[in-house]
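Engineer: Here's the letter readout for the chains.
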Amino acid sequence: MMRKLANLILLLVAVAFCYGLQISKPHYGDLIGPIPVRGKVGDTIVGRSFEVRAEKLEFARKLETDRFGETKVLTTGGVWAVVTVAFAARAESTSVAVASWRGPTGLTYDHTERLSFVNNGFLPVTVDPGLPRKARLVFEVSPAEAGNATVLISNKLLAALDSQAEISIGPVAVLSDGFPVGTVDTLDLSQPIDGQPK
Amino acid sequence: MTAQSVVQDNGLGERKWRRRSLWGLLVLIPLTLAVEAYDSVKALLGDNDLFERSVAWGQSAHFGGSDWRLTDLRGAFGMKSLPPDSVPVLADFSVTVGDPDLQKLWLGCKVMLIDAEGRRWSPTSIVSLRTPDNVQTCISAIFSGAKTGETLNLRETFLVPKAATKTIRPAVGLGSERPHFLLFQLEKD
Amino acid sequence: MLEGARSRLKAWIVTGIGTAAAIAVAGVLGAFEAGHAQVPVLARAGPIETGQWLLQPVKAYVSAEKYVYGTLRKPGTKALVFEVDMTNRTAQSTKDYFDLVQATRPPLDPATKPYIVLTRDSTLSPELHPGMTERMAYVWELPEGGAVPASLGLTVMSKIYKQRDNLYGLPGWFNPSPVGTLTIPVAPDTGGQP
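Protein chains in written order, with this note's numbering: chain E, -7 to 190; chain D, 33 to 221; chain F, 94 to 287.
Note that these hints are calculated values from the structure, not bench results.
Hints are not guaranteed to be accurate.
[What the hints assert, rightly or not] In silico DSS-like cross-links for lysine-lysine, where the CA-CA straight-line distance does not exceed 30 Å:
id, chain 1, residue 1, chain 2, residue 2
1, D, Lys136, E, Lys148
2, E, Lys148, F, Lys103
3, D, Lys136, D, Lys74
4, E, Lys148, E, Lys64
5, E, Lys64, F, Lys152
6, F, Lys252, F, Lys206
7, E, Lys17, F, Lys252
8, D, Lys198, E, Lys126
9, E, Lys54, E, Lys32
10, F, Lys159, F, Lys206
11, E, Lys148, E, Lys48
12, F, Lys252, E, Lys148
13, F, Lys188, E, Lys54
14, D, Lys112, D, Lys220
15, E, Lys17, F, Lys255
16, E, Lys126, D, Lys142
17, F, Lys188, E, Lys148
18, F, Lys255, F, Lys188
19, E, Lys64, E, Lys54
20, D, Lys142, D, Lys220
21, E, Lys54, F, Lys252
22, D, Lys194, E, Lys48
23, D, Lys112, E, Lys48
24, F, Lys159, E, Lys64
25, E, Lys64, D, Lys112
26, D, Lys74, E, Lys126
27, F, Lys167, F, Lys188
28, F, Lys167, E, Lys64
29, F, Lys252, F, Lys152
30, D, Lys142, E, Lys148
31, D, Lys198, D, Lys112
32, E, Lys54, F, Lys159
33, E, Lys126, E, Lys32
34, D, Lys112, E, Lys126
35, D, Lys74, E, Lys148
36, E, Lys64, F, Lys252
37, F, Lys206, E, Lys148
38, F, Lys255, F, Lys206
39, F, Lys188, E, Lys126
40, E, Lys148, E, Lys54
In this text the structure is predicted, and so the values were computed from the model without any measurement.
Bound conformation, chain E alone (with noise of 0.2 Å):
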């Protein structure tokens, strides 16, 4: 009777074990997701192949650029989110592709794909060893997401087991409307980024 009632308990005890194991044990998609390297608006976050830099954000409620020569006016239904960055590549020539902005809620916003016409001083930036490169990241965001966001940077899509920056922006002032405060009308990305050659 009581190796009956020894063996039932171990055999509970076994149970419970295993499934503590089971909801315990990071899932697969935890284990090859990419590796955060966390900083400020300031930092120079070191990844593992790439070193990132914001120096500036600034928020627009409509974009100008160049476009074969004409100028284009990029509207958006929310607010434009310009953070201009310097990278610097480690070791070896590197390319950096992947871009995108955390709302405070984790609405996650991805690099517009609206300005893939210019291809100088936006994503893909790719930065050769000793010669670091400013560019610019261009979000658009909903008002409500702009404050207490974080923007991800990463070599390409997928980033499995490889860095990815996080960059942490402040709290950001709100107006009455909703913008944040400094939220020019129109900002005008075909100007060069200050310091570096167009």
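Given chain E's structure and the hints, the job is docking chains D and F onto it.
Structural biologist: For chains D and F alone, kept in the frame of chain E given last:
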């Protein structure tokens, strides 16, 4: 034979086999690990340029079925609208095709510059200089349909900081030869 | 020997009866009828919810303009345009809208793929961002000489969310199935974009 003796026989045999099995595990587990890891290790090595094979100035080296020779490495000074303190560098190779199956042997062709610190530069797209018609890049040469005995002129353009130009050496990696790559020495070495 | 054969036979019979019972129960529960269910007819006024999208149909029309939302019309064709306000209901930017609506009746074939344009600035199939409504145009090609259909029949498709797919263990939207059918009157070509 009584029932008793059968059981005892089995007991002896069992003990013997258990011991053999345990010893067997000592061999089998490392063997399994090796077999399982073989493909991964091969893929990892085959994907990276790890071990250099040095080529003296003026010499040619047999690599990926063809004979490679560095003919020139020079800076293109005086170009405007480049990042400060940077120099475009041109590397010229002359390759005599041996095995013409370039699409297989030259797959993943990568020409690079390596400096004394081990930093590596890939060809740039920022600078585009005009090249003569008979000059190709490594990638375009793969699809050129070159035959055995033909000589290809390859040129790659790099953008390098001025400070690094003193110690850079050109290198070539091919998918069929990885993890080995060619590292070309210059005349002054 | 004979004993073994008899028990094997018994096992076969038991398994057979079990399987038949399982199939019968599944049949009673309606496992085989899902495929034949009639898809509902959706109200043209909208809004229509699919897993990832909120749709508000706007209009459908035929255009023979040289450029339809920035894309050069192919010679010998005219464009059948369906405009719809789309809101991404997910937490992530996506362009998973290529099979969202499918044409159901002639002259369009369900297999003909439209191209999809952001009407705001004619960008071809950009990602749409969470919660930001955009007007999109689905553009099909019609033969230039053919009659203009009086209405456009569409099937609206939806997908289901899986937190972990079976292959990579990553979240995603899978298993498209129809939400319903939609009929939109087609405005005739007025010589310009309405």
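Engineer: Just to be careful, I want the Cα atoms of lysine 194 of chain D and lysine 48 of chain E compared with a cutoff of 30 Å; is the pair within it?
Structural biologist: holds, 28 Å
Engineer: Is the straight-line distance between the alpha-carbon of lysine 142 of chain D and that of lysine 148 of chain E 30 Å or less?
Structural biologist: holds, 19 Å
Engineer: Holds or violated: lysine 74 of chain D with lysine 126 of chain E, Cα cutoff 30 Å?
Structural biologist: violated, 38 Å
Engineer: Does lysine 148 of chain E sit within 30 Å of lysine 74 of chain D, going by the straight-line distance between their CA atoms?
Structural biologist: Roughly 24 Å between the alpha carbons, so the hint for lysine 74 of chain D and lysine 148 of chain E holds.
Engineer: Can you confirm whether the C-alpha distance between lysine 148 of chain E and lysine 48 of chain E stays at or below 30 Å?
Structural biologist: holds, 23 Å
Engineer: Please work out if lysine 54 of chain E and lysine 252 of chain F have their alpha carbons no farther apart than 30 Å.
Structural biologist: violated, 34 Å
Engineer: Take a quick look at whether lysine 54 of chain E and lysine 159 of chain F sit within 30 Å of each other, Cα to Cα.
Structural biologist: holds, 28 Å
Engineer: Under the criterion that the straight-line Cα-Cα distance not exceed 30 Å, is the pair lysine 167 of chain F, lysine 188 of chain F satisfied?
Structural biologist: holds, 25 Å
Engineer: Taken at face value, is the distance from the CA of lysine 74 of chain D to the CA of lysine 136 of chain D at most 30 Å?
Structural biologist: holds, 17 Å
Engineer: Does lysine 112 of chain D pair with lysine 48 of chain E here, judged by a C-alpha cut-off of 30 Å?
Structural biologist: holds, 27 Å
Engineer: With the threshold set at 30 Å, check whether the alpha-carbon distance from lysine 148 of chain E to lysine 64 of chain E stays at or below it.
Structural biologist: This hinted pair holds, its Cα atoms lying about 28 Å apart.
Engineer: Could you grab the alpha-carbon distance between lysine 112 of chain D and lysine 126 of chain E and see if it respects the 30 Å cut-off?
Structural biologist: holds, 18 Å
In summary, the structure is inconsistent with hints 2, 21, 26, 36 from the numbered list given earlier, while agreeing with the others.
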